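Student: Chains as they are written, first to last, in my numbering: chain A, 666 to 927; chain B, 1260 to 1546.
Watch out, some of these pointers could steer you wrong.
Listed next, the stretches of chain A that the computed footprint assigns to chain B, with coverage defined by at least 3 CB atoms under 8 Å from CB atoms of chain B [said to hold, decoys possible]:
#1 694-704
#2 782-788
Which chain A residues face chain B? A few, computed with CB under 10 Å, are given here [stated by the list, open to error]:
#3 L669
#4 L729
#5 G876
#6 L880
If you anchor each label on the Cβ, the simulated ranges turn out as follows [what the hints assert, rightly or not]:
#7 A/D725 - B/K1354: 47 to 55 Å
#8 B/A1448 - A/S739: 54 to 62 Å
#9 A/L844 - B/S1302: 46 to 54 Å
#10 A/E722 - B/G1397: 32 to 40 Å
#11 A/L844 - B/A1448: 49 to 57 Å
#12 B/I1362 - A/V760: 33 to 41 Å
#13 B/W1270 - A/E716: 29 to 37 Å
#14 B/R1389 - A/L682: 16 to 24 Å
#15 B/Q1447 - A/V760: 40 to 48 Å
Everything labelled a hint here was simulated from the structure, so no lab data went into it.
In this text the structure is predicted, and so the values were computed from the model without any measurement.
For every residue, glycine included, the Cβ atom is placed at its ideal position computed from N, Cα and C.
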Amino acid sequence: MRGLAALRTLVVVLAALVIVAPIVIVVVTAFSPTDFFVFPPPSLSLRWFHEFFSLSEMRDAFSLSLELAVMASSAAVVLAIPAALFVARRSGPVVTAVQALFLAPLVFPTIILGLALLLFYRTIHMPILPGLLLAHSVVGAPYAFRTTLAGLQSFDPALEEAGHSLGAGPLQTFFLVVLPLIWPSVLSGWLFAFIVSFGELNTALFLTGPGHTTLPIEIFSYLQFQGSQLVVAAASAIQVAMILIMVAAIERAVGLRRLVRA
Amino acid sequence: MPARSLQSLGWALALPPVLFLLAFFVGPLLYLLYVSFHGASTSDLYNAELTLANYAAIAGDPFYLRVLLRTLETAAAIMGLCLAVGYPVAMLVAKLPRRRREIASILLLLPLMVSNVVRAYGWVAILGRRGLVNIALGKVGLIDAPLALLYTPAAVVLGLATILLPYMVISIANTLASLDRRYEEAAQALGAGPIRTFLHVTLPLSSPGVASGLLLVFLLTLSAYVTVTLLGGPPSKLLVSLVYDNVVSFQWPRAAALAFVLLAVALVVSALILAVLRPGRVRGRGR
Chain A
666 MRGLAALRTL VVVLAALVIV APIVIVVVTA FSPTDFFVFP PPSLSLRWFH EFFSLSEMRD
726 AFSLSLELAV MASSAAVVLA IPAALFVARR SGPVVTAVQA LFLAPLVFPT IILGLALLLF
786 YRTIHMPILP GLLLAHSVVG APYAFRTTLA GLQSFDPALE EAGHSLGAGP LQTFFLVVLP
846 LIWPSVLSGW LFAFIVSFGE LNTALFLTGP GHTTLPIEIF SYLQFQGSQL VVAAASAIQV
906 AMILIMVAAI ERAVGLRRLV RA
Chain B
1260 MPARSLQSLG WALALPPVLF LLAFFVGPLL YLLYVSFHGA STSDLYNAEL TLANYAAIAG
1320 DPFYLRVLLR TLETAAAIMG LCLAVGYPVA MLVAKLPRRR REIASILLLL PLMVSNVVRA
1380 YGWVAILGRR GLVNIALGKV GLIDAPLALL YTPAAVVLGL ATILLPYMVI SIANTLASLD
1440 RRYEEAAQAL GAGPIRTFLH VTLPLSSPGV ASGLLLVFLL TLSAYVTVTL LGGPPSKLLV
1500 SLVYDNVVSF QWPRAAALAF VLLAVALVVS ALILAVLRPG RVRGRGR
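In isolation and in its complexed conformation, chain A is listed as follows:
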């Protein structure tokens, strides 16, 4: 059995290595002063970050991704709250269908959704920016829905009834009783939807256009056409840094463990 245990330790170490190493290598490379990929870099420099912010297409992609993520995750939360309120304390085929509809984008091959939206947008002449925003909202909605639903299902309905019996109307009860109780779930859903939108590739692949590109798609096209430029590493490091900032925000605001319990 000792041999088996040693083998398992080896597998775990190997798994951790292959998951983490690619990300670490990219982030370290971003600080390289060299023209091309050298690992480990001979010294550290901010050269490629300067380059990143001096390239207007990179800068624009970064700010578009940021704006999209803020708006799309907010839209996802606004969609998710009423749907979760509807599903939370009901059962039956209609409720199951609504729940399935909201969770579907989670497992649905998103490349198909991207293509479907592309054709739909072309037919109704949808401009690029609102089109992207709507797509990112659909992709983010399941995350907001799941955490909000978990929050609604874990609080005592008696608190809501207390609100009513003290004379609060439905909207008052929602904003004064329900929302304060579920806000950590709503917030972690918002942050999760933000992260998903900020890294989204499959729908954005079809829906971005000239002058309106998101950061992940900009990184992808650089890798395809000028891959040796290390400015892509800086762009990637900035992508990772934003995710870390959001994760720190989740940890501070609601605690990361809420994410793995839901």
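We have chain A; now place chain B onto it with these hints.
Tutor: Then chain B, alone, in the frame of chain A:
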């Protein structure tokens, strides 16, 4: 009587978000299906005539069948690798005390938040002609010319398997952690050794986690255009690459038909995974 709570508004409450998803998710998919039954047009998205020509062309062309087969092989290799590495890791994670298990789950979740294009780029930096492996092997003097590691099917399998591995680990670990330990104890009390206990008790009881892990890995592999393109290059194109290629060459109806072939593959393989593993048969998942 006025509505007492927002929840008692019922349908009025759910209607706006449901309509939104019908308009921007379900509706466009039905439209895509409709487009797939038309021929190409030079001036419009498609011509007016209804036809099965796109599907017939796909079914009749050995090129498409080869790519379909390659897609299934690649996905099978990725799922196999994820399962073989993910299961032992999940067993270890599941045995941790609750607090440390939650920390392990968070650590597994973090890399999933990084965009896949960044994680694929990491593998390009490792496997590329001037990548980490070639630099290292060159320094040691094992090779004279760089090895062609990138743009191979193996690079796609390695890259996607490592990108998707955390999903497999999390799925299996969640199921294992919620297993009732008494089943394993009972098997051992009845004289089964550790290997027999694992094969006849633990493994079947963990089938819901294995099934959901396999489903996630498979479905995400089917959509992974960016990773497949960066690591596989032109010689290792998968079904998803063909969808993209047809979009870029404005063959909308053909692209639409290929998208539904992709969806059909997704449904059939998902149904197969569920039929073989039958996660529904596991009951009594107490603490």
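Student: Hey, does the A/L880 contact hint survive, CB to chain B under 10 Å?
Tutor: 8 Å, holds
Student: Check, residue by residue, whether the segment 694-704 of chain A contains three or more positions whose beta-carbon lies closer than 8 Å to a beta-carbon of chain B, and give the verdict.
Tutor: holds (count 5)
Student: Falls inside 46 to 54 Å, the C-beta gap from A/L844 to B/S1302?
Tutor: Because 52 Å falls inside the window, the suggested range holds.
Student: Would you settle whether the hint for A/G876 is holds or violated, based on the nearest Cβ-Cβ distance to chain B being less than 10 Å?
Tutor: Hint on A/G876: violated, closest Cβ of chain B at ~18 Å, above 10 Å.
Student: In this structure, is the beta-carbon distance linking A/E722 and B/G1397 contained in 32 to 40 Å?
Tutor: Hint holds: Cβ distance 34 Å, inside 32 to 40 Å.
Student: Taking the CB of B/W1270 and the CB of A/E716, does the distance hold inside 29 to 37 Å?
Tutor: 54 Å, violated
Student: Is the distance from the Cβ of B/R1389 to the Cβ of A/L682 consistent with 16 to 24 Å?
Tutor: This hint holds: roughly 22 Å between Cβ atoms.
Student: Using a Cβ cutoff of 8 Å, are there at least 3 residues of the segment 782-788 of chain A near chain B, or does the coverage claim fail?
Tutor: holds (count 6)
Student: Look at the Cβ atoms of A/L844 and B/A1448 and judge whether their distance stays inside 49 to 57 Å.
Tutor: 52 Å, holds
Student: Could you tell me whether the CB distance from A/D725 to B/K1354 stays inside 47 to 55 Å?
Tutor: 49 Å, holds
Student: How does the Cβ-Cβ distance of B/I1362 and A/V760 compare with 33 to 41 Å: does it lie in that range?
Tutor: 35 Å, holds
Student: Tell me if the interface restraint on A/L669 is satisfied: Cβ within less than 10 Å of some Cβ in chain B.
Tutor: Holds. Min distance 9 Å.
In terms of the numbered hints stated before, the structure departs from hints 4, 5, 13, listed from lowest to highest.
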